[in-house]
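As a plain string of letters, each chain reads:
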Amino acid sequence: MSEILYIESGAMTDREIHLSTDDDHVPMTTNERAAWAYLTSVVLTTAGYLALMIGRLLHEPVAEISWVWPLVWTLVASVTGTIALTIVLTVAAIIAGARGGAGLRDAAAVADVTDVRDKEIDRRSGRGAAVVFGTGAGIGLILTMIDADRFWIGNALFVACALGAVWETTTKIRLYRRGF
Amino acid sequence: MTPKPTRVVNNIRALRSDVEMTQAELARRIGVTRQTVIAIEQGRYSPSLEVAFQIAHILGRRLDEVFQYRPEG
Chain A
1 MSEILYIESG
11 AMTDREIHLS
21 TDDDHVPMTT
31 NERAAWAYLT
41 SVVLTTAGYL
51 ALMIGRLLHE
61 PVAEISWVWP
71 LVWTLVASVT
81 GTIALTIVLT
91 VAAIIAGARG
101 GAGLRDAAAV
111 ADVTDVRDKE
121 IDRRSGRGAA
131 VVFGTGAGIG
141 LILTMIDADR
151 FWIGNALFVA
161 CALGAVWETT
171 TKIRLYRRGF
Chain B
1 MTPKPTRVVN
11 NIRALRSDVE
21 MTQAELARRI
31 GVTRQTVIAI
41 EQGRYSPSLE
51 VAFQIAHILG
61 RRLDEVFQYR
71 PEG
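If you read the protein sequences in the order shown, they are chains A and B.
Positions 1 to 180 (UniProt numbering) are the ones given, in order, by the first sequence.
Positions 1 to 73 (UniProt numbering) are the ones given, in order, by the second sequence.
Among the hints, a few may not be true.
[Claimed, not checked] Short derived list, chain A residues pointing at chain B, Cβ under 7 Å:
no., residue
1, V26
2, T29
3, V113
4, D115
5, R117
6, A137
Just so you know, the hints here were simulated from the structure itself, not pulled from any lab data.
All residues carry an ideal CB built from backbone N, CA and C; glycine is no exception.
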């Protein structure tokens, strides 16, 4: 509740008026919003792509499966989906901040700030994701060495990237929610 | 309730109350988001030594009056 409402109600002392703002709604940080947007977009687009590929695997020989353009469109959809969701969540945060009593400009400024905790969370979540990416690259290398079909090489690398993204974003969200 | 991930506890909320300072004001003065101040107050994030000294300085207290370490057991 805003300070103004408390003042008008006359129900609280001056000291309570100051501290009442502590109970205002606190939006997610910029980084946490971006993590949610990235996670949602990656999970949805990857699930769609994998469903399509599994369907084709059941009915066509691997060498004849058309996978390159579906994969390209999946990557494009993932990136644009992340950007669009981030914009939607940021606008929602600004509107919520403005409704909470802050001016629109102040709400926009608050909704677009990162700090030392965000950087620390980025660093910690990036470490685990790098291990997943590295493992995927190793699997891709092994598949190349044994002359596996390009379908398996390309898709192994794609799945590794998707898993790395999921690992990174879920780690971020856990660190924001549970702390560290 | 989920156990707090840090053994560093603090009295920031009470000390802020003494000087009538909001979370938003403290966050602005130490250059972090309000979400970070909330995470520190709730024991979900241990600030760096520099930020801890900044908080103590702003609240007009010694560091050990603001933060305490609770060893296990």
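Comparing the hints with the structure gives:
1. V26: Nearest chain B Cβ about 6 Å off; hint holds.
2. T29: Hint on T29(A): holds, closest Cβ of chain B at ~5 Å, below 7 Å.
3. V113: holds (5 Å)
4. D115: holds (4 Å)
5. R117: holds (5 Å)
6. A137: Status violated, d = 32 Å.
The structure fails hint 6 only (numbered hints given earlier).
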